[in-house]
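J.: Each chain, letter by letter, is given below.
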Amino acid sequence: MPIELNINGDTITLEIDPRTPLLDVLRDRQRLTGAKAVCREGFCGACTVHVDGQPVPSCLRPVGMLQGCRIVTVEGLAPSGTLNRVQQAFIDHDVVQCGMCFPGMVMTLTEFLDREPSPSRDQIKTALVGNICRCTGYERIIDAVLSMQTEAAK
Amino acid sequence: MNRPTDPRSVVMNLPRRDAQDKLTGRTRYTSDLAGVEVLHAAIVRSTVASARILRMDFSPAIAMKGVRAIAQASDAPGLFGIGIADHPLLNGTRIRFKGEPLAAIAADTLDIARAAAAAVIIETEPLPAVMTMADALAPGAPQVHPEWKSYELLREGGIRGGNIAWEARVTRGDTDAAFARPDVTIVEDCFQVGRQNQLPFEPRCAVASYEDGRYHIHTSTQVPWTVRAVTAKTLGVSASRVRVTVPAVGGGFGLKFDCTIEPIAAILAQKTGRTVSLVHSREEENLTCLCRENAEVRIRSAVTAEGDIVGREATVLMDCGAYGGEQVFLTTMTAHTLGGNYKLGSVRMNSRAVYTNTPPNGAFRACNGVYNTFFLERHTDNIAKAIGMHPMEFRRRAVLGDGDIGATGQVFQGEVLRPMLERMAALRDKTPDCREQADGRLYGRATTVGTWFIFVGPSSATVNLNADGSATLVTSGVEIGSGTMVQSLPQIVAATLGLSPDEVIVKAADTDAAGRDLGVGGGRATVSIGAASKMAAERVRDQILDIAAEMLQAQPEDLVLTQGRVEIAGRPGTGMPITTAIARAEALHGPVSGNGNFTAPGVQAMPGCAAGHFIDAIDIPVFAVHDCEVAVDPDTGHVDVLSYKVVQDVGLALNPRAIHSQIQGGVVQGLGYALHEKITIGLDGGLEQPGFEHYLVPLACDVVPVKIDLYEGAPSIGPLGTKGAGEVPILNVGATVACAVSRAIERDVWELPLTPPQVLSVLQGRTGRMDHSHLSAVWQENLLEFVAPHRSLDHS
Ligand code: FES
Ligand code: FES
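Read top to bottom, the protein sequences are chains A and B. Here the first sequence is numbered in my numbering, starting from 1 and rising by one per residue. Here the second sequence is numbered in my numbering, starting from 155 and rising by one per residue.
FYI, nobody ran anything at the bench for these hints, they're computed from the structure. Treat the hints loosely; a few may be bogus.
[What the hints assert, rightly or not] The calculated SDA-like cross-link candidates involving lysine to any residue, where the alpha carbons are at most 20 Å apart (straight line), are: (1) B:K861 x A:R85; (2) B:K497 x B:V757; (3) B:K539 x B:C855; (4) B:K539 x B:Q591; (5) B:K497 x B:I313; (6) B:K497 x A:G53; (7) B:K497 x B:A580; (8) B:K861 x B:I659; (9) B:K861 x A:L146; (10) A:K125 x A:T150; (11) A:K125 x A:R85; (12) A:K125 x B:L850; (13) A:K125 x B:V858; (14) B:K861 x A:S147; (15) B:K497 x B:A334; (16) B:K219 x B:L208; (17) B:K861 x B:A579; (18) A:K125 x B:S797; (19) A:K125 x B:C855; (20) B:K861 x A:H93; (21) B:K497 x A:S147; (22) B:K584 x B:D863; (23) A:K125 x B:V757; (24) A:K125 x B:Q591; (25) B:K497 x B:P545; (26) A:K125 x B:A334.
[Unchecked claim] Simulated coverage check for chain A against chain B, where a stretch passes if three residues somewhere in it have a Cβ under 8 Å from a Cβ of chain B: (27) 5-12; (28) 18-32; (29) 36-42; (30) 57-64; (31) 83-91; (32) 118-131.
C-beta atoms are modelled at their ideal positions from N, C-alpha and C, and glycine is treated no differently.
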């Protein structure tokens, strides 16, 4: 049975093995390579996308389970050439290094901050338990997220 | 013309130009390059650690639909290595480790390539194996390389034999006399560490094509020129037939300081005439990771009651795995790391790279410095205890100062470590301690020192000044995440030419476009590529100033380049836009460009005291002082890091915010090494942590914000007095955590990582004093007889 998905606003129909991970559909077929294949086991979060608004590791989602779902990847998060506020905060605080984890970080934190607009430092750290970064040592990412509240309060 | 660039114009918190694309998922790393239009490759690997290959039958693979080509040993006849050429690209005769590449297959899809690789029939005859260094050094041990004598030597002076791939020694002063003195206390310790996986998020990967009779390799590497040279050497072709280009690199940390799978992709591209992508799976990547090596030491010191170290001797064993690789070079570093930090009246050290039938090791951020600093600082705490001196007081007295000589006899310039210790004391005083957070757990705190270096060596750069007033910088540098290519290099060139950094275009490495370079790593990019870039920019500046001087009827030395204009110094607005001077220069002579180059200056050592060393002295020493507070749960053995502080010697901080980020990141990698990144080797010789489930890297909730003080002004030959700042932050983390834990639990810590079971075992007295029986307490007994170097005629 063909599988219908909406990816970043475009509806596509796939005639493929329903066990194919969403990550492979995004990267190999759609050539949306923002989601990264780092562990393929659900630990690192570099492949995180939104499925019906929820951040999920796309490496662990067979497309057969996603019939009719609305997928948003990092490429579709903000209109082309613009940034959302999480991305902007990361630029302002110069927190990016190799960058491999950041598409996933952005997807996780964008949804988290919609839900929890003024989190504590510890809450942010807990929210990142499924997003590993090998380069930055995290703390400056968290500073950047906290700064968004201070900015908003101004 | 010598016009110094004003450091004030170059220091800034320049943001990264690559951040926007990285944050929106638009950056294409090498692992993102290949879609369905290219062929995909998979590697056939050994499943045993030591065996003779009797037969390889590829016919089941060839019969599969979609299989396009096979690469095998005969396609890559040349051996490669560092110091010794001992490593085949694809092994067709004698397997030396589990997971060794034997062949590779290119197919229409990755699934087909993997299925075909699994279908290859390999018949082997088991050979005896050595899985540990103790086994490898035992009398009559099976040899990993029975043919070791026949290998081409790429470097003279190596002391080798059997399972000892390389031995580097240093002997300065009369150690025997020092140890025989009646007024000394002798302290002796053994320590050991396991391996550490760099785990950059982008695995090793390459996308190769064959164009106009040349190999073109896109790869995720730190060393494009090494990839070029090793590809040529293994394939037996001229290096001029290999082109290497490097997109954004998704992390390296030293793993990508070696050429590994690139030539395999090149062979398959040549055979198929198609573009071939070869990307390690996470499991392949972890199980064949070129880790920071496991290592063991025996160290002895003779110390007076006043804290003078009159004699020190040590032997370090470094596991190089099945092939020599980086460890051959790294034997050199023991003299400067384990032999660093402190004034030594006399010293002898021996560092041995030992072959085992395990996956080869490699380079990892501050390489052997990390564990040697752990060994040295724990040993230093034991010395202080033995002579009844406070460990801080001992360090204050004993650290290297201005004019002191290092292990190999080099003279250190400037008083650096002692003032850094004072700065750390001030930083500690500024912040209340975290003792209360220990909340009933065992509390410990330690401050340690570390010595590392900048790995200089050759770099080249070209600057083209464009008619629109922008400049293009062409080097072989690559951006691995540390920010050199997007921050320090454009900052240096912009300041020299009076431009803003965003007017400096930085070209990513392409060996067809830029000159030779040693690569990005060892903290060298800002220093070596930076120096070459600065020289190239100065040559451009001088041309423009000469032209402008004529036009303005002024002397060139009275002119300055600033804000896109040529001005008469002190009289803003009197000059002209730089584009006017460029137009004139183009009309008279053609487009404006300049070249720059740099290499290691070669600091003097004491003649005759070092043998088997690749460098005798360190050109740019870098020092670090770290402080850490921990709480140890006596019931579970869990170590909680409560605070972390760093005072780091940076020379001149070009981009302080970016350096802070490097320090935070480096310290956290060190915390993983100290506490939970554990690699074990099975009885079959294979690594046992294939993924993130078992190899535990730090998570956000495991870390603390590092308090940082950048120590500027120590002597450096780097451009504008810079030193690389990205490599060294990891240097003494293992040491500091271990010393703090040891003080918290009031027991000796001999080993890293300090996982909860390990700590509990020490705490409960189940781990006794460490003693390596395969490392003799008589230093000379750990030496190989000197073997006259065998030299081949071909020094390619
Ligand atoms: S790749 Fe999906 S969680 Fe790591
Ligand atoms: S920036 Fe490299 S993994 Fe996070």
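J.: Is K125 of chain A within 20 Å of L850 of chain B, Cα to Cα?
T.: Between K125 of chain A and L850 of chain B the Cα gap is close to 17 Å, so the pair holds against 20 Å.
J.: Measure nothing beyond the straight line between the CA atoms of K125 of chain A and Q591 of chain B; if it is 20 Å or shorter, mark the hint as holding.
T.: 19 Å, holds
J.: Given the proposed pairing of K125 of chain A with C855 of chain B, does the C-alpha separation stay at or below 20 Å?
T.: 5 Å, holds
J.: Is the Cα-Cα distance between K861 of chain B and L146 of chain A 20 Å or less?
T.: Answer holds: K861 of chain B to L146 of chain A is near 18 Å, not above 20 Å.
J.: Within the stretch 57-64 of chain A, is the number of residues with a Cβ closer than 8 Å to a Cβ of chain B three or more?
T.: violated (count 0)
J.: According to a criterion of three or more residues whose C-beta lies within less than 8 Å of a C-beta of chain B, is the stretch 18-32 of chain A covered?
T.: holds (count 5)
J.: Mind checking the alpha carbons of K861 of chain B and S147 of chain A for me, to see if they're no more than 20 Å apart?
T.: Since the Cα atoms of K861 of chain B and S147 of chain A sit roughly 19 Å apart, the hinted pair holds (cutoff 20 Å).
J.: Does R85 of chain A lie within 20 Å of K125 of chain A when you go C-alpha to C-alpha?
T.: Given pair K125 of chain A, R85 of chain A holds - Cα atoms ~19 Å apart, limit 20 Å.
J.: Taking 8 Å as the C-beta cutoff, is the stated coverage of the stretch 83-91 of chain A by chain B satisfied by three or more residues?
T.: Three-residue rule met by the stretch 83-91 of chain A, so holds; n is 4.
J.: Is the straight-line distance between the alpha-carbon of K497 of chain B and that of S147 of chain A 20 Å or less?
T.: 46 Å, violated
J.: For the pair supplied as a hint, K497 of chain B and P545 of chain B, is the alpha-carbon distance within the 20 Å limit?
T.: The hint holds at about 15 Å.
J.: Would you mind confirming whether the straight-line C-alpha gap from K497 of chain B to A580 of chain B stays at or under 20 Å?
T.: Between K497 of chain B and A580 of chain B the Cα gap is close to 24 Å, so the pair fails against 20 Å, i.e. violated.
Hint violations for this structure: numbers 1, 3, 4, 5, 6, 7, 8, 16, 21, 23, 26, 27 and 30, all remaining hints satisfied.
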